[in-house]
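> Given chain A, work out where chains B, C and D with the ligands should sit, using these hints.
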Amino acid sequence: MPAATLPTLTPKDFASDQDVRWCPGCGDYSILAQMKKVCASLGIPREKFVFISGIGCSSRFPYYMNTYGFHTIHGRAPTFATGLKVARPDLLVWVITGDGDGLSIGGNHLLHALRRNVDIKIVLFNNEIYGLTKGQYSPTSRLGTRTKSSPLGSIENPIRPITIALAAEATFVARTIDVDVNHLTETLRRAAFHKGSAFVEVYQNCKVFNDGVFEYTTDKEVKSENVLYLEQGKPLIFGKNRDKGIRLNGLEPEVVELGKGVSVDDLIIHDEKAAEPTLAFVLSRMYHPQFPEPVGVFRAIERPTFEDLLNRQVEDAIKAKGRGKLEELFQSEDIWVVEEAEANGPAALD
Amino acid sequence: MPAATLPTLTPKDFASDQDVRWCPGCGDYSILAQMKKVCASLGIPREKFVFISGIGCSSRFPYYMNTYGFHTIHGRAPTFATGLKVARPDLLVWVITGDGDGLSIGGNHLLHALRRNVDIKIVLFNNEIYGLTKGQYSPTSRLGTRTKSSPLGSIENPIRPITIALAAEATFVARTIDVDVNHLTETLRRAAFHKGSAFVEVYQNCKVFNDGVFEYTTDKEVKSENVLYLEQGKPLIFGKNRDKGIRLNGLEPEVVELGKGVSVDDLIIHDEKAAEPTLAFVLSRMYHPQFPEPVGVFRAIERPTFEDLLNRQVEDAIKAKGRGKLEELFQSEDIWVVEEAEANGPAALD
Amino acid sequence: MSATAEAMTKASLSKQRHIEERPEVVVRFAGDSGDGMQLAGTQFSNASAVFGNDISTLPDFPAEIRAPAGSLAGVSGYQIHFSSYDIYTPGDRVNALVAMNPAALKTNIKDLEEGGILIVNSDAFTTSDLQKAGYKTNPLEDGSLKKYRLVAVPITKLNREALSDLKLSPREVDRCRNFFVLGLVYWLYERPLEPTLRWIKEKFARNPAVMEANIRALKAGYSYGETLEELPVQYRVPKAKIAPGRYRKITGNEATALGLVTAGQLAGKTLVYCSYPITPASDILHTLAEMRRYGVVTIQAEDEIAAIGAAIGASFGGALGVTGTSGPGVCLKSEAINLAVMAELPVVIIDVQRAGPSTGMPTKTEQADLLQALFGRNGESPVVVLAPASPAECFTLIIEAIRLAVSYMTPVFFMSDGYLANSAEPWPIPKVEELPKIEIKHPTEPNEDGQFMPYKRDHRLVRPWALPGTPGLEHRIGGLEKEDVTGNVSYDPLNHEHMVRTRAQKVANIADEIPPLSVLGPETGDLLVISWGSTYGAIVAAVERAQRKGLSVACAQLRYLNPMPKNTGEVLRRYKRVLVPELNLGHLRLLLQGRYLVECVGLNKVQGRPFLVSEIEEKIHQLLQV
Amino acid sequence: MSATAEAMTKASLSKQRHIEERPEVVVRFAGDSGDGMQLAGTQFSNASAVFGNDISTLPDFPAEIRAPAGSLAGVSGYQIHFSSYDIYTPGDRVNALVAMNPAALKTNIKDLEEGGILIVNSDAFTTSDLQKAGYKTNPLEDGSLKKYRLVAVPITKLNREALSDLKLSPREVDRCRNFFVLGLVYWLYERPLEPTLRWIKEKFARNPAVMEANIRALKAGYSYGETLEELPVQYRVPKAKIAPGRYRKITGNEATALGLVTAGQLAGKTLVYCSYPITPASDILHTLAEMRRYGVVTIQAEDEIAAIGAAIGASFGGALGVTGTSGPGVCLKSEAINLAVMAELPVVIIDVQRAGPSTGMPTKTEQADLLQALFGRNGESPVVVLAPASPAECFTLIIEAIRLAVSYMTPVFFMSDGYLANSAEPWPIPKVEELPKIEIKHPTEPNEDGQFMPYKRDHRLVRPWALPGTPGLEHRIGGLEKEDVTGNVSYDPLNHEHMVRTRAQKVANIADEIPPLSVLGPETGDLLVISWGSTYGAIVAAVERAQRKGLSVACAQLRYLNPMPKNTGEVLRRYKRVLVPELNLGHLRLLLQGRYLVECVGLNKVQGRPFLVSEIEEKIHQLLQV
Ligand SMILES: Cc1ncc(C[n+]2csc(CCOP(=O)(O)OP(=O)(O)O)c2C)c(N)n1
Ligand SMILES: Cc1ncc(C[n+]2csc(CCOP(=O)(O)OP(=O)(O)O)c2C)c(N)n1
Ligand code: SF4
Ligand code: SF4
Ligand SMILES: [Mg+2]
Ligand SMILES: [Mg+2]
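Protein chains in written order, with the working numbering: chain A, 1 to 350; chain B, 1 to 350; chain C, 1 to 626; chain D, 1 to 626.
Honestly, I wouldn't trust all of these hints.
[Unchecked claim] In the DSSO-like style, the derived pairs of lysine-lysine whose C-alpha atoms are separated by at most 30 Å in a straight line are:
1. K321(B) with K431(C)
2. K203(C) with K134(A)
3. K456(D) with K441(D)
4. K201(D) with K325(A)
5. K203(C) with K219(C)
6. K456(D) with K325(A)
7. K234(B) with K223(B)
[Unchecked claim] Under 8 Å between C-beta atoms, here's a sample of chain C residues computed to sit facing chain B:
8. G116
9. R246
10. Y247
11. R248
12. R293
13. V485
14. V489
15. P493
Rather than coming from a laboratory, the hints here were simulated on the basis of the structure.
Beta carbons are placed, not taken as given, at the ideal position from N, Cα and C, and that holds for glycine.
Just chain A, with the same shape it has in the complex:
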């Protein structure tokens, strides 16, 4: 996708003239800022970007980007993006969604877009809450979460966005954090460069209705104990002093301290390119406080994209039988010709 000629763009070029209307302190601001940076850095002309969203606080995103944008309906953004990308493979199509938009009402479209490997970049702002409708629990809210619609605590087991994306056969799956600016930028860049569906979960703080739910991953004091940065080909090490790691025990991961008879060689080596997503699956199920939570690219493999396969069918068909013309189209096995002379029936009788 990224082109060779680099128009010199700055993040500012990507700012639309609309006032940004998120609550003060909302994590969305940081994601917006980083996205502008990433877009400016890709060497792609501004008019080639399209941001498509559903409904939610996060889904207001396109209004703030000075690119093409489409704020659609709740949960359905991937469907619009699919049609657009099929019609216009030349565009870089981003989908912005939330945990409600993308996993509650829109879970099925997400799943099918990923399995088809449509070349769209899906960024899911996970704040574990419905922000726009003023604070109900979402499918990612933790058990027991008290919200307006669950005053006695939520009783629904949450789903894990990354796990779902992997089960949906996604070719690119990553996670990052709203305020982890560099990591966020790098992750979005990787998504942009991936050829095929990219799925990025962003831990996003909802200041108003779910403040601090990801604090353990952002608080300077504790975050290095709670976040595991995935790096391709590198062992899974974490901790303030990088003295802890993740080891496999059978099929189960376990936290180990390095040094006490445990060496780096015992640790899992991250492999985002593994043909089978088993490791990614294991990582997707490591959750605080038992485990540090992995961020970075869980999976990045290659598979033909939906629109390429589709357009290849068109090309192959044309190659095989030539481009269809209307004259041919109207042919059929049984054509008959009425000559002037033949038109000799009687007038209608009763």
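The following block gives chains B, C and D with the ligands in isolation, referenced to the frame of chain A:
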């Protein structure tokens, strides 16, 4: 769910008076026959059974069962079942669905019913095709499948029902085969006895539009090489002479022949009760012809059901503050009383 | 001289004040979202109700969750209409406006009547806040407000002074400004302080400093009123003639929720409320989620389809399945509603309408879903459609919705809207023993020769509601066309026609038991104003005014839109002309003309706002050429 | 004596036969799903068309995929109406019925005219097959068929004998029975064998034995006709007066698909057809899926919502986004259609209506989605609604649908139905150079002071279709209400009213360019029969008959349901009475009464079947008191 008093019922008692209208040779017949057997064996009165389905050939199922039944709309059966089970925890609620009904239009409801662990038994007839609409590819159809809607071959990567169910945090996940009568019966029984959502994929032959797609699992000549029966606590062995097994190589499964330096002890021991579904996930991704395909119970764990948690909230609330009465309900912080004497306003003026 | 000291001095002026009596007054509090205007408004309306006025209120929330402080988008308002006689709306024109910052002034000033009282917090008119509101010059100084009685009060300063010796952070102190201004307005309209003092004491029982702060702010504001030379007058709105009894204030969404709980108890059934959050319906879900101990179960579904699916499933099981949403959600529910039509199961669909099409203006009101409710499904799909006329009426009408659903085995639409949802009026608390029972019978025995026929109907054409779990009544239902009586799948052409007409007739039969359409005003005359839903209040008010002017005009309210009361056509024909005011482009008008062939004039407003009384009045005058 | 020998002897009788001329004939082939009746019917209708008759055909598929052999549910039928003059329907009453087994006889006999020819395969009337069809006694023997001219032919036996020396399995031999009976009917109606022989030769080119078998069966059937003493007559239906040109037979679904491909080429655009399979619309998807080399792209979406989402997304990108479905699918698409209304993007929604409500009778026809198309969305949501009148007209009208969608930036509904979808009629193959171009302009430059305003409209109120990828025109659209001109989100009340009315006016403006409503018959008179969609054929036929009887009756067909032609009200008022026949309970009638206040009489049939000509005729007579 199963009760102590056993009404003596026979499979025939479960046959409704409606003509069964599947195509001759359809795999659905066998599933129907086995289901009647299982129902008769559970010791549950007939009136306690409810079969709920969506739309599809498979979804005609309820008409043929002499129980309560609801043939609903396409893809939404789990939602009706959820409402019913919440209202009526005393009933044994089955959901009958197809690969199109349950994974195409209805994928999201399936996912959410499973994650909530509503105590319903979902049986998905996977024939890798849309039968009722006369043969279009489905989300489980293999790449390249030629159908009416994919005359040049399907370009959509299939999803695996079991993998999706696991990602959805299902507490019971199993697979069986339409004509593997005993296994089918046993699997349905296990599902019936599971407390919580049960998901059962059944390989089902569509005689008319996708004949033979699972022949490698049913053909007497080859099936023992292609099917792996999962048994709790037992090593993963298969093959006509039970001379092959599945071993883990890191996180990846591999087929090994027993004897040549490989012993049963090297094989994976099946554990459906593992807290984490990693093994189940690995098994769910073993596909023909690389691997034998596992059938049986992939996962069976315990977690409180949705309706229990919900009804517990009701009970707890009543315990804490007493059963609500309308008099109380109408109270509010600011009630005022208008006495007869006070009603002294002037007539309206303009 | 400190501001307070200054105030004290001015207090001597209070002698010169006089008190004017007013039959009704409209006050609006407006400020930044953080300024606590909703609270001030609520307190004011409670105080007015307790005092004995009739009241009607309307909040105006910002569309954003929390827009930047001081921005136009962040303005939050609350309007109260209180009176000495029956009122039906929150009022057309504002008599007194409180504007806590420039943005609030900017967005609200146009509604203030000429000569109206305008109380502003002058401390908030800083350069930066003026800029945020888009003011180039300070309106307090540039003369642009001279049409109004401007009362510029340095509220921040005065409030800080009043609270200076309390151990509170500056932020906590400033948070009390709403009570300061509330006190001032209480003084202006002679409101009793007690209800609010009581509320403060209960609310902040655990935080004595804050309690004290709010009490002081309220009292300081009140006292300050005495000193105001700009306002040498107080207003008195006498008590209204209100039927004796116990009252509380209630919004449409609250009344709907309470009505649902009540219906559940009256029917002796579990209420299963299944919903996916959506503005402006979500509060019904929130309220009901707190009602577990009333045997109420709520399910927050994954989407609107799942919500109605669960509701219908619950009904199939014998509970009261109800789903609530707004217009976009109705789109998604239509396929399942159709299933309930075919399966003939009870389900109530609450549509709290908002401005459309599409996402539209989610926080704004509109009445443009009526034809969708009636016709928004494939095939011939008759459903019952009801529409409450006022917030309090939501209570009785939602009970009626449930009653019709279960007694006719049919989906019932309940058409509320954003205006009803959030506006409040006094609600006479019903006596429980006077509420009607909802009788439901579930068969326990076969109904034909030892067999159970799920589609064997009674004289009203209603089929039996047999519950799973009942021995011997096992049966199957579904969305395919069914054979008459047996309920088996049938493709028979004549059976289909019979069933289509039977389903239609069953719903039509409801007209036999609903009250006839009654008119307010002369039984025949020059003009009938006919309406449905939340426009009722403005229309009654306008029609009553016109009647007092001697005009031959009556009004009628359709609470039953399908079926309509049997005499509807006849009523329409008794008047020379018919006016149909609606917050849409003419839904009811199309129906009335299409059904009764009576020419109707439309008055159509599609602005996301309710009618003003004056708008209706003008149209009446125009039609009657006054 | 073998059956063949017997036949030979009888052949001498043929001298006595005579030939009768008939202006039109209706034949129906009926048999088990496995009996190849669809093929026989298709061949017969092709042969008739090639011969020079006008034709109209209607298949009748069983509802089940493959019901048990011999069962009532498994009967498959194909009806052909062929004539020497213009015809519009597949015919009311069947003149000759072929019944290949008892089940086919049972389900079809009621449509055979009294005295009609009934050809049965007597070999199939075995005890077991009689039982499967629910016959207690053999109808061939019990006298119950004496109203008809029964021709009992041992087809199985005769066919086996004719093919006895071929190396084929018994099953393969029996499969040729349809050609045997086809030959017989060809003889009866003097059809040319050549087209069918040609077809057989092409079809079975790789299987000479089967080819030979079918040829022999066909000829044997034909010869057998000569020997039949029960049928001492042959019928001749002269050629019809048909406009010269090249023709083919086409069904509504085929015509729709071809029209879509054509529109794509006329517009120079990629057609992106997005659909989720559903009866009776799926065949459009199947046909288009074969059209890759015409630059057609099909997406089989995960559901109907995704399908329209993808279609709208494609349109946003500048392709022709089209989605096709049936009623239940329209329910699911309504929210997204509303988005397209708000975003003002072109999209065509094909609704191949079927019998509802809910799942209803999926394989049966109905016209009960009209009000859903018009009103089935929240808020004020104007869309264009078109309805083709005949199978072949689907071609031109779907092109018109595309043209209106792209030229007015609006969703357009195309209301086909199950009857149009599957019935066939001759289609004059258009000359490519005579087809209209579809002009589309995408802006490339800013349209206001160097800025691009996505909602700046032209004189028709249409906004520009600016495509992503165009430098300098970057803009955002969505479902929230938009500010006039700029397209920015706006909650301004007056702006909302303006936009709501503008969107409505834009669609209303289309009336300026569509043809006025024309009538067939007198310009004024006693009765106007007005209709929409597939009922056209039966209505024209009935009205023409009534006119020939001297009645003052005209008919008019509404191809544009929204907006309606400008003169619609005026046309209605020119007749003393107005009749609206519909396959629903009165959708168009409500609209006409509601919009034009003209009283309309409904003729409503809801049986999953089209009108018979006679049903319309009777109603006309009744209204005109003939
Ligand atoms: C069909 C429909 N149903 C419901 C809504 C109301 N709604 C808007 S956003 C939203 C959820 C938002 O949650 P999420 O996707 O997590 O986004 P966030 O606001 O948290 O960024 C809901 C329920 C809607 N707009 N449309
Ligand atoms: C809303 C809606 N869309 C589409 C259909 C048409 N439809 C009925 S069944 C079906 C798919 C059936 O496939 P599957 O679930 O695999 O069931 P099977 O027939 O193979 O058992 C479809 C597309 C429908 N009935 N309703
Ligand atoms: S509600 Fe939460 S997610 Fe939405 S803008 Fe405010 S802080 Fe952000
Ligand atoms: S179409 Fe296939 S799945 Fe459906 S009944 Fe026939 S064989 Fe079974
Ligand atoms: Mg969220
Ligand atoms: Mg299937």
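> For each hint, tell me whether it holds in the structure or not.
Hints and how they fare:
This hinted pair checks out: K321(B) and K431(C) have alpha carbons roughly 22 Å apart, not beyond 30 Å. A distance of roughly 23 Å separates the Cα atoms of K203(C) and K134(A); the hinted pair therefore holds under the 30 Å criterion. Distance check on the hinted pair: K456(D) and K441(D) sit about 15 Å apart at the alpha-carbon level, within 30 Å; holds. Restraint check for K201(D) and K325(A): the C-alpha separation of about 27 Å stays at or below 30 Å, so the hint holds.
Between K203(C) and K219(C) the alpha-carbon distance is near 17 Å, which keeps this suggested pair within the 30 Å criterion. For a cut-off of 30 Å, the pair hint linking K456(D) to K325(A) is broken: about 37 Å separates their Cα positions. Only pairs whose Cα atoms come within 30 Å are accepted, and K234(B) paired with K223(B) is accepted, the gap being roughly 20 Å. Here the hint on G116(C) is broken, as its CB sits about 18 Å from the closest CB of chain B, past 8 Å.
Proximity of R246(C) to chain B holds as hinted, the smallest CB-CB distance being about 5 Å (cut-off 8 Å). A distance limit of 8 Å between C-beta atoms decides the matter here; for Y247(C) the minimum to chain B is near 5 Å, and the interface restraint holds. Because the closest C-beta pair between R248(C) and chain B is about 5 Å apart, less than 8 Å, the hint holds. For the restraint placing R293(C) at the interface with chain B, the shortest Cβ-Cβ distance is roughly 4 Å, inside the 8 Å limit, so the hint holds.
The interface hint given for V485(C) is broken, as the beta carbon of that residue sits about 14 Å from the closest beta carbon of chain B, more than 8 Å. Interface hint at V489(C): satisfied, since its Cβ lies 7 Å from the closest Cβ of chain B, which is below the 8 Å cut-off. A distance limit of 8 Å between C-beta atoms decides the matter here; for P493(C) the minimum to chain B is near 19 Å, and the interface restraint is violated.
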